[in-house]
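*Asks:* The residues making up each chain are set out below.
There are 2 protein chains.
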Amino acid sequence: MRCRTCGAPAIINMRHHKLSLCAAHFPDWVVKHTAKAIRKYRMFKPEDRILVAVSGGKDSLALWDVLLALGYHADGLYIDLGIDVGGGYSTRSRETTITFQESQPRTKLHIISIPNVYGESLAALAKRKRRTDRPCSLCGVIKRHEMNRIAMAEGYNVLATGHNLDDEAAILFANVLHWQIGYLRRQGPVLPADGEGLARKVKPFCRFYERETAAYVLVKGIDYIYEECPFAVGATSIRHKETLTRMEHASPGTKLQFYVNFLRAKKEGLLSSHDRARPDLRMCPQCGQPTTAETLCRFCRLWN
Amino acid sequence: MRCRTCGAPAIINMRHHKLSLCAAHFPDWVVKHTAKAIRKYRMFKPEDRILVAVSGGKDSLALWDVLLALGYHADGLYIDLGIDVGGGYSTRSRETTITFQESQPRTKLHIISIPNVYGESLAALAKRKRRTDRPCSLCGVIKRHEMNRIAMAEGYNVLATGHNLDDEAAILFANVLHWQIGYLRRQGPVLPADGEGLARKVKPFCRFYERETAAYVLVKGIDYIYEECPFAVGATSIRHKETLTRMEHASPGTKLQFYVNFLRAKKEGLLSSHDRARPDLRMCPQCGQPTTAETLCRFCRLWN
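Line by line, the protein sequences give chains B and S.
Under our numbering, the letters of the first sequence match residues 6 to 309, in that order.
Under our numbering, the letters of the second sequence match residues 6 to 309, in that order.
Only chain B is shown next, with the shape it has when bound in the complex (with noise of 0.2 Å):
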């Protein structure tokens, strides 16, 4: 297996591409790609200032390092949801992210403290609520609400997550199953700004396999927690991405195939409706930001 480009020894070789890399040209695939997805998209300009949303994993330092490789003014937020099961989960991984900003001058790095700024842990809030068996759905509440704060408050007008090919297909794959035509209708790379209050959500990284965003940490030599959040065991997100992967083995592609046909198809009308993407949305009485709720956001009953 030799690189495509150069002829050295490949360090990865992608079958649904055809295409090997060495351990020098394959991050330059990865910028190049991640450029042209942004282009492609249309997700953001030279000027925007732009919040990546970092979790200490492979994925969200990655983006954050293309994205300045790019020469993108891009800063990072991390949200510390003091998981302390996995022997320290939240601490380890915030740990991560700040040594990883330290090695890049000129970027900053937000950190809010859930149990610090609303006085109670996931692992907490999850018990009070009874819903012990499936915190994630608490923590999505809780990232998206705090990610849009904090953009605003800091004036940042598109907000990056590191969301990759597996996970936007194992996304898509339970919302077909379900047939969710909301959230089909919302699913894409972009999810466009909203005049009242809502910062632009662009995944530049949807068109990466899971294993070249690792391939990438790897050969640049960034440290990131590897593990899984320890609440996330056994969550049905998990048990659709190994019928992909399964599905991924037995014909290479399948997962960029269903995702890009996907977003070509809803280009092509599918889905289409009077409906815009997005709900009406009115303002949360207690904390201000947009929400489709009728009295206080999912966000604030949280906490009341």
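Don't take each hint at face value.
Identical copies go unnamed one by one, so any copy, or any two together, can satisfy a pair.
[Said to hold, decoys possible] Each computed DSS-like pair below joins lysine-lysine, with the alpha-carbon atoms no more than 30 Å apart:
(1) 50 - 37
(2) 134 - 45
(3) 148 - 134
(4) 134 - 272
(5) 148 - 271
(6) 271 - 246
I should point out that these hints are in silico values taken from the structure, not numbers from a laboratory.
Let chain B serve as the given structure and place chain S on it in line with the hints.
*Replies:* Only chain S this time, still in chain B's reference frame:
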């Protein structure tokens, strides 16, 4: 495990319906729920003349049996493709179909032998067309053409096939993986008739799991061909069925929800567009049947 109706030992437990039934009450349940599906999807009325496509397998024989039990005018059509691998597969399935028909007075069985009428078995045709790797697609073209030809020639206005939920879910799965919008638009329990010579097609068993139709023929003592067609071994559709069956095992009801929610989403406007469910049709200059092709239909091109 006890029958919900009478308390006798149950012969089947349908976890997705939370329902167990005995050998006496399960066939009644199948008949009742077939009638319900016929009404729900407005498949046909008592005065319609129905042609059931019968392969000798459990689904089509069970369907024919149930339609007769419900008092419909339902005759059979057996298409003999001359498949002689697997120890005379076609011969045995034809004999099984004839045996069933002989037990049903006042029914008619139309038998079409493809080798006799068109001079070539499926295997010979696949060899000549260099499609030995995928004869199933040729089989589909032939069956669709002949089913419609006989229905039109013999005055049947409804064509019924024994597709079960496992079949429909696997087809839907494949269509979704590739986002085949045209196929998704046409997939459903009913494909309407076309004034230009296409009979209405219906799938009254589309909500029954395969194991339910299998249990029906076993309980009713209907003899059927239980092996897969020897050409279907290794087909992608079988791989998709295995994937879905694994998912069903982890979460009972997965296939039913996947299919039923798809139909609900379509009803609510998913996939709606200016296009009709059926594309524009013209008449094949050779056989006179409707086709989307510019010249000869796909079937006639097979033999030219």
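*Asks:* Evaluate each hint against the coordinates.
*Replies:* Here is how each hint holds up against the structure:
no., hint, result
1, 50 - 37, "within (16 Å within a copy, 61 Å between copies)"
2, 134 - 45, "neither (42 Å within a copy, 41 Å between copies)"
3, 148 - 134, "within (17 Å within a copy, 57 Å between copies)"
4, 134 - 272, "neither (40 Å within a copy, 36 Å between copies)"
5, 148 - 271, "within (27 Å within a copy, 33 Å between copies)"
6, 271 - 246, "both (23 Å within a copy, 26 Å between copies)"
Figure legend: structure checked against the earlier numbered hints; hints not met, in rising order: 2 and 4.
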